[in-house]
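Using the hints, build the complex out of the two chains.
Here is how the chains run, residue by residue.
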Amino acid sequence: MTSQNRQTSGDLLIIENLHKSFGDLEVLKGVNLNVAPGDVVSIIGSSGSGKTTLLRCINLLEEFQAGRILIDGDEIGYRNSGGKRRLMSERAIARQRAMTGMVFQTFNLFPHLTAQANVTLGLRKVRRLPREEANEIARTWLARVGLADKADSYPAQLSGGQQQRVGIARAVAMSPKLMLFDEATSALDPELVGEVLSVIGDLANDGMTMVVVTHEMQFAREVSSRVVFMSEGLIGEEGKPEALFGNPKSQRLKEFLSRTRT
Amino acid sequence: MTELLSSLTEFLVAVRGAQPLLLSGLVKTAEAAILAILLGTAFGLIFGLMLVYGGKILRLAVKIYVDVARGIPGLVKIFTVYYLVNQLVIEATGYRMSAMLCGIIALAIHASAQIAEMTRGAIQALPRGQSEAGKAIGLTFGQIQFNVIFPQAIRQILPTWVTSAGEVVKGTTLLSLISVPEFFVAIKEAAAREYIFFSFYLFAMLVYFVIIYGIELFGRHLEARFNKY
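Protein sequence lines correspond, in order, to chains A and B.
Under the numbering used here, the first residue of the first sequence is numbered 1, with each subsequent residue one higher.
Under the numbering used here, the first residue of the second sequence is numbered 1, with each subsequent residue one higher.
Okay, chain B solo, but in the shape it has when bound (with noise of 0.2 Å):
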């Protein structure tokens, strides 16, 4: 028991010691998640409407962005968007995208592709009759899309948009193999440096599970808020 407390002493006075570094890699961390879930879902969602209202070769050329970033390991994305995408970039316009834009882009690639198909899915297993209802008394498109289409979707997209998040917060931990310092980057130095490993490893899982746990909570709040009909 006293051997517990006292390495749970050592334990905290440790990570007080590394505060910074852990605060500035879960800074990382959430930046790199919250942006990519953000891009994710506005390019996820309008590459969904392009699956469903898009014309044949839209509709084709959309189908193959999200096969191929679906069909790929996040970490073969990482790395692709780091060396190849930034190298193409570079020579088109001279601009060097930091690793952390580059690991952000690779994150929401993944996510927009998950959420595109989720949301062509959803609009798509709507009966034709909602739309013609909103045509019949004179919506226009877009009116039809925000006030009847998207609603009825958005309970389908939910549960499975909560898995992407999660999905994202994950493969952050990826981005220290491109030299991101995030949280995961963090914890790794500070138990080196403290000569901790097994409690700042723990501490880790239980900072992961709180975030991706939270996310999915704000998702069955979410859920419940359209759930009332």
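So that you can see chain A by itself, here it is in the shape it has in the complex (with noise of 0.2 Å):
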């Protein structure tokens, strides 16, 4: 791969200071963040902290108005021209977003097609790979989250934990640098969490990059290599996660951890 714009470092993920808003209300106010391949980064945080926003700004679900984010040395979404910092071509995005795989709170399975099909639908047209050859990862896929018998199912003969086991295939079958996980269990009923966290926790034992949001206080201590605390639009505390659950510094951090423990 090559780009202007590539920069060589460790790291896979670079965010720097990154700014967003909507409207009048700043969501992101300077965030920093830089993930090296294979860690699993947690972040944590009440909510209207700016977590989700932060997650969707690194596949460009949402434009941001100033900083930069770079995945494996190429920057995301904008380019500088003339000293003007504008947004890519619609098909530029496209492209970089197929770098990230992103597993939604709401699944957002595509439910006229099966699932398999749901897997297949980005090998196919993103990726171009042949119909037999995208069965075959499909399939491979599915089985890998335990539901080889389910490639047949459409989404809506499929119970919360399946549909989002699904979605996870669907991500990672397209072979993404990183994954993104935006509150994948919070949709889910109490008894169907694990099974999803499961199939996550799996993934992180593989070396899969993942940005993981997430309200699973006990997930993100045994998964983790780092965890992150974002507070107001900005990170708070970060560390690994023995550290920074054992040993809070900031108050902001001490009374979320008090509130979430159960």
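Source of the hints: derived by calculation from the structure; they are not laboratory data.
C-beta: ideal position from N, C-alpha, C; glycine also.
It is possible that part of the hints are untrue.
As the list claims (entries may be wrong) - Simulated restraints on C-beta separations:
#	chain 1	residue 1	chain 2	residue 2	range
1	B	P151	A	E16	34 to 42 Å
2	B	E91	A	S81	41 to 49 Å
3	A	R86	B	K228	38 to 46 Å
4	B	V85	A	R91	37 to 45 Å
5	A	A36	B	P151	35 to 43 Å
Unchecked claim - Stretch by stretch, here's where chain A covers chain B in the computed footprint (C-beta under 8 Å, at least three residues):
#	region
6	118-132
7	135-143
8	148-157
Here it is in structure tokens:
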């Protein structure tokens, strides 16, 4: 891969001074974050702290007003031409988005396609693989998430946990460099949370680089290599899970943890 | 009984005699309806997409078109195109559109406005997460429309599309007023020539019903195909 904007550093994801506003409301106020290959970074924080917005900026589901995001050395979404910051073309952005995989809180499976077709759509249309190869990859991944027998089911015929596992298969089947999880278990019934977390945990153990927005503190503690606490549009505190959970420094984090501890 | 039989025989003989006239009328009607439905559907989908994704000015322009087109009776549209638009075209290009073409355009305008509005509604009714999921796997805008949005929106669009197609067929009868020799004109001529009114009009009723009901069955067949999930 070559690009004018390519920069070499060890980190797979670099976020520099990211600013994002919705109208007058500034949601991200200069976020800096680096993620090394193989890192699993959990982002925690109360609602409204900007976690989800940060995640959505990484694959440009949200445009942002200032700052830079680099994935594997490529600057995401914007280029400088003649000293002006410009949004890239729709096609260029689509190509960049294929570098990341995203799992949504509400699954967002395509209801008119079977589980297998949900997974193959991107393989066929974006990676332009032949049908047989795409089907093969889809079946492999559906088996990995424990749904080999549900390949021909439509989303409406699946439980929430099964749907979310298809969502994960759909994202990882594209071989992204980076996986983004946006509160992937928040919409699930409590008894279905475990099956999804265990799939995400398996991916982490396989060395997949991941940024995980989550309310599952136990999961963040067990799976993450690093935990980031966001507060009011900024990163309040970050560190290894045992340090962050065991010895929180800021008052905000202490309060947040005491509220979420059960 | 024998009276009924003899009048039926008389009618069938009359239909046979008027066959070339009726057939050419039916062909005209079919031609006008099919072209108007195709044009109306194509432009309706394009206008519908503009209503959803267009910039402010484009959206406003299409909205005005849709509202005006829907707010004017069919017959007035036909006369407007035939007299007013045709005149403008003649002055601009020197080309005179045939009555048939004017009629098709007028019917297509009506259908396109209806279809644009239902396309807009159907697309906007889909959760935003659908196109976001498409974006997230790297699909382009066009790929998202064709693979994610349309296949879902079409379920909403089809029932109303069938109604619009039926309206177009009904609307073709109005084309007689700008002297397009469509099926209903042929029926009137045949009835007057043979001096058999009751049976000819009953026959016309039956033919129109069969066409429109046929469209509806076709629509239901399509709906069933898209309803498998």
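Hint check results:
1. P151/B <-> E16/A: 34 to 42 Å: holds (40 Å)
2. E91/B <-> S81/A: 41 to 49 Å: holds (46 Å)
3. R86/A <-> K228/B: 38 to 46 Å: holds (44 Å)
4. V85/B <-> R91/A: 37 to 45 Å: holds (39 Å)
5. A36/A <-> P151/B: 35 to 43 Å: Holds, at about 40 Å.
6. 118-132: n = 4 at 8 Å, threshold three: holds.
7. 135-143: Holds: 8 residues of the region 135-143 of chain B have a Cβ under 8 Å from chain A.
8. 148-157: Coverage by chain A holds here, the residue count being 3 at a Cβ distance below 8 Å.
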